[in-house]
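**Q** Below, each chain spelled out in residue letters.
There are 4 protein chains.
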Amino acid sequence: MVVVMEERATEQQIEQVVARLVEMGMDVHRSTGVTRTVLGAVGQGRPDPGLIGVLDGVHEVIRISEPYKLASRTFKSEPTVVTVGEVRVGGDEVIVMAGPCSAETDEQVRATAAAVRRAGAKILRGGAFKPRSSPYSFQGLGEEGLRLLHDAAKAENLALVSEVMDISQIELINRYCDMFQVGARNMQNFTLLRELGHQQKPVLLKRGISATIEEWLLSAEYVLSGGNTGVILCERGIRTFETATRNTFDVSAITVVKKLSHLPVIGDPSHGAGRRDMVAPMARAAVAAGADGLIIEVHCDPDHALSDGAQSMFPSQFDRLMAELRIIAPAIGRSICLEPAVRSGRST
Amino acid sequence: MVVVMEERATEQQIEQVVARLVEMGMDVHRSTGVTRTVLGAVGQGRPDPGLIGVLDGVHEVIRISEPYKLASRTFKSEPTVVTVGEVRVGGDEVIVMAGPCSAETDEQVRATAAAVRRAGAKILRGGAFKPRSSPYSFQGLGEEGLRLLHDAAKAENLALVSEVMDISQIELINRYCDMFQVGARNMQNFTLLRELGHQQKPVLLKRGISATIEEWLLSAEYVLSGGNTGVILCERGIRTFETATRNTFDVSAITVVKKLSHLPVIGDPSHGAGRRDMVAPMARAAVAAGADGLIIEVHCDPDHALSDGAQSMFPSQFDRLMAELRIIAPAIGRSICLEPAVRSGRST
Amino acid sequence: MVVVMEERATEQQIEQVVARLVEMGMDVHRSTGVTRTVLGAVGQGRPDPGLIGVLDGVHEVIRISEPYKLASRTFKSEPTVVTVGEVRVGGDEVIVMAGPCSAETDEQVRATAAAVRRAGAKILRGGAFKPRSSPYSFQGLGEEGLRLLHDAAKAENLALVSEVMDISQIELINRYCDMFQVGARNMQNFTLLRELGHQQKPVLLKRGISATIEEWLLSAEYVLSGGNTGVILCERGIRTFETATRNTFDVSAITVVKKLSHLPVIGDPSHGAGRRDMVAPMARAAVAAGADGLIIEVHCDPDHALSDGAQSMFPSQFDRLMAELRIIAPAIGRSICLEPAVRSGRST
Amino acid sequence: MVVVMEERATEQQIEQVVARLVEMGMDVHRSTGVTRTVLGAVGQGRPDPGLIGVLDGVHEVIRISEPYKLASRTFKSEPTVVTVGEVRVGGDEVIVMAGPCSAETDEQVRATAAAVRRAGAKILRGGAFKPRSSPYSFQGLGEEGLRLLHDAAKAENLALVSEVMDISQIELINRYCDMFQVGARNMQNFTLLRELGHQQKPVLLKRGISATIEEWLLSAEYVLSGGNTGVILCERGIRTFETATRNTFDVSAITVVKKLSHLPVIGDPSHGAGRRDMVAPMARAAVAAGADGLIIEVHCDPDHALSDGAQSMFPSQFDRLMAELRIIAPAIGRSICLEPAVRSGRST
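Residue numbers (the working numbering), protein chains in the order written: chain A, 9 to 356; chain B, 9 to 356; chain C, 9 to 356; chain D, 9 to 356.
A portion of the hints provided could be inaccurate.
[To be verified] In silico contact screen, one side only, chain D against chain A (beta carbon under 8 angstroms); selected entries:
(1) Gly53
(2) Ser80
(3) Thr113
(4) Ile246
(5) Thr248
(6) Glu250
(7) Thr263
Derived by calculation from the structure, the hints in this document are not laboratory data.
Note that the Cβ used here is the ideal one computed from N, Cα and C, for glycine as well.
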């Protein structure tokens with residue numbers, strides 16, 4: 009911690025700050041300049057910057073280390089590869105997760121799963137418990153939805169990710185899925201994060217719509233510090249003043265996270281854009297910026313979807329997008345699933 | 009719902025939109041202008057604006073009713089008074105809730121409770137379960153903290169509010185407190201909100217740091233629609249580009265909410281400001297703007313607080329603030345607790 | 009400047025940073041901690057933090073002094089009182105500036121000026137050159153508007169402030185007005201600011217809708233560094249994600265600015281709120297938070313105003329507001345014009 | 009315009025609104041639903057939505073046409089190609105503009121110009137008049153800088169773009185450059201925009217850091233309505249709550265603008281990112297999202313640049329980026345300058 013004193017700070021004020029830091033377990037180096045005194049505090053203590061900041065004569069307090077550890081590049085410089093079912097996320101291959109916003113019917117889930125696998129997706133996404141802004145909106149099928157998703161994923165040899173909204177749902181999601189998804193609204197549900205830290209299966213952690221990158225990594229730290237090392241981060245758009253798009257897809261966050269952390273990071277262009285016709289450009293941008301993967305809403309009949317229909321792609325749009333991504337990925341030394349039919353040893 | 013067609017929309021496109029709306033249970037009025045066609049859709053259906061918006065030829069879709077009902081002034085035009093313990097919030101008197109960020113020790117809680125009651129507070133606030141951005145920060149005393157708060161509140165004849173972070177904590181909070189506090193990070197924890205809708209005691213619902221006023225009222229709707237009519241809203245600062253303050257205290261939200269909703273709304277200047285020396289100006293501004301109350305962090309020894317020390321007021325600062333508020337409240341036809349010692353029939 | 013090195017920074021990287029800082033005219037103090045090295049750089053040089061930040065091994069660069077000087081409390085600890093015509097802004101009295109958005113007709117200007125003076129305003133506001141988002145909106149009357157405003161101000165013994173949009177208008181505004189107003193959109197029109205620095209009359213500098221407080225004070229510095237010491241700052245709302253209000257009136261900025269700077273700061277609740285019915289609450293909040301004054305749009309017939317009618321108050325609303333402010337001001341040791349008729353020695 | 013009445017609006021209130029709209033030159037269609045009345049107003053009038061919105065009984069007012077015309081796809085559905093010198097922007101080829109932030113010396117400008125041309129840039133960028141937040145920063149070389157840029161551009165067969173900050177600089181920029189650049193801070197300097205509308209040469213219009221897309225297009229409308237049809241839009245990052253990057257590069261704005269307008273739109277990843285190591289990912293993302301071009305800061309010796317050194321690329325980084333872009337462009341059916349040396353008929 010660095011404490012910058014005011015230009016007019018008195019000797020007594022400076023000494024009080026030094027005393028307070030020492031009391032908090034820090035060693036203090038004092039540096040006196042022409043106009044100001046600057047105090048460098050190092051040690052094992054964890055002084056609260058706010059408390060120092062309100063002492064008399066203090067101009068500014070500056071933290072010099074990230075508040076997260078296990079999530080940082082400083083702690084682990086090699087990129088982490090997270091295994092979801094049998095799919096490796098964070099390696100050379102850009103992994104695409106796709107599927108409906110919500111599981112609705114057996115047919116809808118199966119048709120969509122088949123379509124996304126044919127196009128090259130490796131993980132099926134789909135919701136059974138839906139966080140909806142309004143209590144009057146469709147809230148998901150619950151366990152029945154999980155069963156539909158599980159069966160379709162199995163039939164198509166896809167791994168499965170689905171959202172968990174509360175600790176009471178962990179067991180159920182764990183039974184049917186290969187990865188827990190934590191939604192943007194729950195990014196700081198610390199009770200939930202702490203419990204997921206004790207699970208074996210990986211966690212897909214979406215960024216809150218107004219979370220700073222630091223807060224996002226601190227939420228990852230909650231999971232990591234519980235012992236679960238499988239965290240995949242997911243940028244899905246932030247809230248800004250602009251209303252022409254539902255959210256502002258923060259593509260630069262992908263680059264920043266890869267610099268600060270060893271964890272894989274993927275993009276969610278469906279929620280970032282909020283409109284079907286903007287999903288493909290944002291998906292391409294995310295891969296071009298270096299994302300380790302994508303999660304995309306695809307629906308076999310989006311016009312009749314019970315939720316998020318407006319931002320769900322038609323299967324044909326998704327096919328075209330995958331073809332475009334196969335051109336872009338090599339520009340940054342990545343590949344993307346080339347021949348899914350051959351790979352899985354089954355005819356399409 | 010109003011659907012504005014593109015200027016170049018064809019007759020066929022218009023008819024498809026009309027057909028879709030009718031399929032969704034709406035009656036459609038068509039209005040043809042010089043350059044555009046506008047469709048007004050009314051009825052019992054709940055068409056998804058997004059799904060209409062992506063149809064060919066549609067320029068824009070406009071919702072014409074608020075998505076919340078029970079929380080709106082349209083539903084109930086008289087202001088709601090919520091009773092917390094024996095304290096009425098939402099009437100002529102501006103109610104002040106005050107106390108430490110977290111319960112730490114018996115002495116700290118008792119000394120602070122006594123101080124805030126003497127100054128005129130009517131409800132004690134204090135946390136036992138603390139949502140902290142970092143897993144390495146102090147997380148609260150749990151049930152022991154609730155017991156300390158409860159005993160101090162009882163001794164000082166104050167009502168008590170404390171934060172609930174998860175449905176698993178509801179029973180405990182219910183046992184010790186007069187009101188459930190839902191923190192900003194949980195404003196869209198719908199599992200929690202739905203469960204609180206089935207409780208008897210009122211809910212203090214803080215606004216999320218990036219929640220729109222509409223989303224905030226929708227979260228209130230989750231509680232109200234479960235049958236619990238006691239919701240108090242609390243503005244506590246929003247996240248903006250400005251970094252000179254921790255959050256931007258959105259004082260205008262107080263005015264907007266009072267216009268849109270019948271629910272009481274209070275201000276939390278401590279979190280809005282983030283610095284002790286800015287709490288008083290923001291508290292005065294909130295009351296001047298028409299807030300029904302305030303919730304303020306006060307600590308008998310803020311320099312040694314385990315959390316939020318930098319924004320906790322000294323008791324002497326709180327006294328001065330209460331005196332200022334007693335001058336301001338009458339400007340808008342409100343009163344504020346004048347003689348707490350006399351009122352409660354006990355010596356201070 | 010403080011340079012925090014990465015934990016893994018090599019000795020060679022550290023030495024390169026030191027060398028670069030010395031080359032830039034700084035003395036460097038090196039502080040080696042358990043995990044990191046921190047460099048403190050002091051001296052007469054003005055190193056670019058960005059350039060140091062991209063050097064190998066650098067974790068973070070922290071500026072330790074504000075980039076502005078003349079505008080800071082460090083430079084001048086006493087509050088500055090700016091004289092506008094014969095009105096002193098920044099002293100004990102809260103000064104209210106009021107008038108129409110634009111000058112439209114002789115009658116409209118005179119009637120409005122008379123109304124605001126009767127209620128206690130001391131400075132007339134009104135626009136002749138209007139910055140409008142659309143090229144198709146009313147752009148103001150130009151010099152004719154200035155003449156109308158000047159005559160009405162003189163007749164009512166009010167000082168006059170009007171907006172200057174470009175250096176080509178300075179001479180004209182100077183001829184008719186007592187203060188130059190710089191609008192939010194021109195807050196970083198540095199050519200204009202520099203030129204106003206050479207004028208004798210004071211400058212009312214509105215905050216840009218997305219300007220940080222630091223940028224705002226830097227813009228004041230442009231004027232001050234040219235020799236013009238009469239700068240009044242004006243908070244008028246910032247742009248945030250919230251769309252329920254046109255802007256978010258940042259009342260906390262008033263408090264922050266008074267801490268960082270000696271310059272007077274006033275509030276503009278009309279633009280902050282954007283709706284007539286929200287002007288009074290925001291005006292009260294600004295004064296309660298410590299503003300040195302207010303600037304408010306009042307129109308004798310707002311329903312037929314050519315610009316900003318929706319946010320212009322009726323004279324009767326303005327009267328009521330002034331009465332409320334007279335109750336609030338003493339709460340913070342301020343007064344507000346009590347008997348304007350008596351003061352000016354004329355009957356109303 | 010659509011006017012949604014409150015549920016409790018009286019017949020008299022409705023009639024007053026209708027009368028007001030008719031007075032403003034509109035035809036009104038009235039649509040009475042179960043709970044509300046909705047009024048559709050069409051015609052040649054230009055009613056101020058704000059003024060209608062404050063009438064009694066009005067719930068909401070909704071504009072149904074964009075406020076800009078000449079800039080919209082409705083007005084012109086074919087994409088516009090703007091010619092800068094001899095370079096066509098907005099066609100199949102992705103055009104890259106590159107060069108130093110500021111012209112500093114003859115050598116610096118020449119070396120940088122040669123480097124960017126070799127890599128495939130077609131337009132040289134460089135500033136002579138610099139808008140700087142602080143009055144104490146380097147403000148540019150003025151006309152001498154323009155001369156250096158002009159000579160270097162000519163020697164390398166590049167077109168030239170440079171920033172104009174004030175109407176007094178138009179003549180000078182016009183003499184030396186092929187395109188006027190309007191910076192983000194001047195996006196709503198309407199005096200300047202109006203004057204540029206009368207020029208022959210095209211205008212590169214950067215988006216203000218907090219400008220909505222609608223405001224940006226309205227600023228373009230100022231230029232277009234003056235008769236100058238050559239406007240190129242440039243996204244350069246918006247201001248959000250995130251501080252890990254200087255701005256948030258709003259890549260989705262590129263897609264939105266291409267949908268709403270026929271004007272070409274390019275990306276400025278240098279200002280969007282603010283750090284050299286983030287320029288390439290953002291540049292790739294912009295092209296992947298469909299940008300018609302890029303403007304990038306490159307400096308032959310960025311470590312000693314007088315401005316923006318931290319975000320200026322080394323020539324070798326720029327070479328690598330151009331190679332990556334050549335892979336990405338075909339994914340969306342675009343090309344990017346393949347063999348600049350051959351094209352210009354000169355050896356490199």
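**Q** All the hints need checking, so say for each whether the structure fits it.
**A** Results of checking the hints against the structure:
1. Gly53: violated (26 angstroms)
2. Ser80: Result: violated, 13 angstroms to nearest chain A Cβ.
3. Thr113: violated (32 angstroms)
4. Ile246: holds (6 angstroms)
5. Thr248: holds (5 angstroms)
6. Glu250: Hint on Glu250/D: holds, closest Cβ of chain A at ~6 angstroms, below 8 angstroms.
7. Thr263: holds (4 angstroms)
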